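Protein chains in written order, with my numbering: chain F, 1 to 231; chain Y, 232 to 478.
What the hints contain is simulated information worked out from the structure, not anything from laboratory work. Since we're looking at a predicted model, the values are computed, not measured. Cβ atoms here follow ideal geometry from the backbone N, Cα and C, with glycine treated the same way. Some hints could be false.
[Stated by the list, open to error] The calculated SDA-like cross-link candidates involving lysine to any residue, where the alpha carbons are at most 25 Å apart (straight line), are:
#1 F:K171 x Y:L410
#2 F:K171 x Y:L269
#3 F:K171 x Y:Y290
#4 F:K171 x Y:V291
#5 Y:K418 x F:I71
#6 F:K171 x Y:E347
#7 Y:K418 x F:I101
#8 Y:K418 x F:A72
#9 F:K171 x Y:G427
#10 Y:K418 x F:T66
#11 Y:K418 x F:R75
#12 F:K171 x Y:L273
#13 Y:K418 x F:N164
#14 F:K171 x Y:G314
#15 F:K171 x Y:I426
#16 Y:K286 x F:W219
#17 Y:K418 x F:T189
#18 F:K171 x F:A225
#19 Y:K418 x F:Q118
#20 F:K171 x Y:G411
#21 Y:K418 x F:A102
#22 F:K171 x Y:L457
#23 Y:K418 x F:A40
#24 F:K171 x Y:F295
#25 F:K171 x Y:F348
#26 Y:K418 x F:I44
#27 F:K171 x Y:L353
#28 Y:K418 x F:A69
#29 F:K171 x Y:T297
#30 F:K171 x Y:G365
#31 F:K171 x Y:L265
#32 Y:K418 x F:V179
#33 Y:K418 x F:S46
#34 Y:K286 x Y:T297
[To be verified] Beta-carbon label-pair distances, calculated as ranges:
#35 F:Q144 x Y:A369: 34 to 42 Å
#36 F:Q60 x Y:S440: 42 to 50 Å
#37 F:V98 x Y:V291: 41 to 49 Å
#38 F:A126 x Y:V276: 34 to 42 Å
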Amino acid sequence: MAGCAMNTQLIADNIDYLLIGNWANGQPGGLALTLFLAVAAGSIASLLGLAGGIALTMGQPGLRRTLEAVIAVLRAIPVMMLIFWCYFLLPILLGIDVPGIATVIAALALISAAYLSQSVYAGIAAIGHGQWAAGQALGLGRWQTLRWVILPQALRVMLPSFINQWITLIKDTSLAYVVGVAELTFVATQVNNREQIYPLEIFGMIGLAYFIVCSTLAWLGSRLARRWQPV
Amino acid sequence: MPSPPAWLGHSWLAPQYLGWLGQGLLLTAWLALLVCVLGTLLGIVLTALADSQHKAPRYVAQLFLTAHRNTPLMVQLLLWYFGMPSLLPESALMWLNAPHALALPFGLQLPWPSFEFLAALLALSCYGASFIAGELAAGLNAVPRGQREAAKALGLTALQAFRWVILPQALVIVRRPLLGQYTGIIKNTSLTMAIGVAELSYRSRQVESQTLLTFQAFAVATVLYLALILLWQLAGRSREPAWRGAR
Chain F
1 MAGCAMNTQL IADNIDYLLI GNWANGQPGG LALTLFLAVA AGSIASLLGL AGGIALTMGQ
61 PGLRRTLEAV IAVLRAIPVM MLIFWCYFLL PILLGIDVPG IATVIAALAL ISAAYLSQSV
121 YAGIAAIGHG QWAAGQALGL GRWQTLRWVI LPQALRVMLP SFINQWITLI KDTSLAYVVG
181 VAELTFVATQ VNNREQIYPL EIFGMIGLAY FIVCSTLAWL GSRLARRWQP V
Chain Y
232 MPSPPAWLGH SWLAPQYLGW LGQGLLLTAW LALLVCVLGT LLGIVLTALA DSQHKAPRYV
292 AQLFLTAHRN TPLMVQLLLW YFGMPSLLPE SALMWLNAPH ALALPFGLQL PWPSFEFLAA
352 LLALSCYGAS FIAGELAAGL NAVPRGQREA AKALGLTALQ AFRWVILPQA LVIVRRPLLG
412 QYTGIIKNTS LTMAIGVAEL SYRSRQVESQ TLLTFQAFAV ATVLYLALIL LWQLAGRSRE
472 PAWRGAR
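Only chain F is shown next, with the shape it has when bound in the complex (with noise of 0.2 Å):
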């Protein structure tokens, strides 16, 4: 019974912490700042990876041999190594003092659009041949085509893997712990390194608090998934 008591008053006590950070002090972090870094590198990445894959549709052939180059790379190293490239190596590169926050967003926004192009490109593949056809012989040209009649088909299509590109990217920000980013996992190291007797509720607390959001996010997902089913 003591041990319980002691638990509700590890809670009580780092509660706020965990969910907004500092930001009485104009330094929002915990859950909050997750839910933000995960909601701009989100918007950035769906936009990112909605112009990639249509510029792998539509693009030249040099344009799109670069972007699969560049896609590939991206795809094929540690989502670590990118955020080091962006905490480390951005400011030098641009001579100014670029917030850690910024990198991270940059680092996920860019690895998730280079999942969310073959997504997208893929998505757009999977609508036939026929539609192409079909808008050509209304007098639309080949953009129009692609607005008005092959993308509000595809982007259905493409709504599941969308879904769990976002899961991932909630995960990932995870990482940004390393890089000292006041985000939920780092915020809790910082109350276990405190607490030093507590790891298993905290971490599965904050564990719990990711489920949450993540099972959410898919339940929602499923949802709108089954209302807006291709015809």
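Put chain Y on the given structure of chain F with help from the hints.
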């Protein structure tokens, strides 16, 4: 001669630092290999449990899979690394942390791995297994139902049918996705630097902070990762025709 741009620094990595990175690469490859083997074995067990006719094993497998897939690997690593000591009895911990050597024939000795290596191995294997099990289950579903009934008709038990009839066919189907999972495992080993495993990413940070040659340190590490993964994919692909023929 124009001087190199400032971000490139003014020298190349000394042999000593290249040696560190080489050691990191070896540890990355060794850890990844062990995780692939252990993760696949655990994945097979999980798939068998999830495929069971009884409810309890199916629930256990489902719980394991969702818990591991929907939480970050980083958190699982930290949980194993910091949490395992508080679960184990004092004596077991003392033994784990003390240096040991496994005596092999011919006077060879295999040093007992460090505690962080063990934690990394367990965490990565469980995480990998939860995804490998997903691929295996998809492969199992792709094996026609009649095969199981045929095995039953031959008098094989459920376990025998799984081992000798279903599993070999499923493995052929899941070859490619499985290779993808193994590539993922190589990349995932980079997270173990967070608990102090001196693999390639850890070594690249170490070289970077020692030499301040940021570009060189990360460039060499990145090229080594690319080489390892390319080599692995080539090795996997080169054996494909033989496998295909076996079908």
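Structure-based check of all given hints:
1. F:K171 x Y:L410: holds (22 Å)
2. F:K171 x Y:L269: holds (23 Å)
3. F:K171 x Y:Y290: At roughly 24 Å apart (the allowed maximum being 25 Å), Y:Y290 and F:K171 satisfy the hint.
4. F:K171 x Y:V291: Satisfied, since the Cα-Cα distance of roughly 23 Å is no more than 25 Å.
5. Y:K418 x F:I71: Roughly 16 Å separates the two Cα atoms, so the pair holds.
6. F:K171 x Y:E347: holds (22 Å)
7. Y:K418 x F:I101: holds (22 Å)
8. Y:K418 x F:A72: Distance ~14 Å between Y:K418 and F:A72 Cα, so the pair holds.
9. F:K171 x Y:G427: Distance of about 20 Å is within 25 Å: holds.
10. Y:K418 x F:T66: Cα-Cα ~23 Å, so holds.
11. Y:K418 x F:R75: holds (10 Å)
12. F:K171 x Y:L273: holds (22 Å)
13. Y:K418 x F:N164: holds (18 Å)
14. F:K171 x Y:G314: holds (20 Å)
15. F:K171 x Y:I426: With Cα atoms ~17 Å apart, F:K171 and Y:I426 stay inside 25 Å; holds.
16. Y:K286 x F:W219: holds (23 Å)
17. Y:K418 x F:T189: holds (23 Å)
18. F:K171 x F:A225: holds (22 Å)
19. Y:K418 x F:Q118: With a Cα-Cα distance of about 19 Å, the restraint between Y:K418 and F:Q118 holds, given a limit of 25 Å.
20. F:K171 x Y:G411: holds (19 Å)
21. Y:K418 x F:A102: Cα-Cα ~23 Å, so holds.
22. F:K171 x Y:L457: holds (23 Å)
23. Y:K418 x F:A40: Within the cut-off at roughly 24 Å; holds.
24. F:K171 x Y:F295: holds (17 Å)
25. F:K171 x Y:F348: The hint holds at about 22 Å.
26. Y:K418 x F:I44: Status holds; Cα separation ~23 Å.
27. F:K171 x Y:L353: holds (19 Å)
28. Y:K418 x F:A69: holds (18 Å)
29. F:K171 x Y:T297: holds (13 Å)
30. F:K171 x Y:G365: Status holds; Cα separation ~18 Å.
31. F:K171 x Y:L265: Measuring from Cα to Cα gives roughly 24 Å; hence the hint holds.
32. Y:K418 x F:V179: Holds - the C-alpha atoms of F:V179 and Y:K418 are around 18 Å apart, at most 25 Å.
33. Y:K418 x F:S46: holds (23 Å)
34. Y:K286 x Y:T297: Holds: Y:K286 and Y:T297 sit about 17 Å apart, inside 25 Å.
35. F:Q144 x Y:A369: 34 to 42 Å: holds (38 Å)
36. F:Q60 x Y:S440: 42 to 50 Å: holds (43 Å)
37. F:V98 x Y:V291: 41 to 49 Å: holds (46 Å)
38. F:A126 x Y:V276: 34 to 42 Å: For F:A126 and Y:V276 the Cβ distance comes to about 35 Å; the hint holds.
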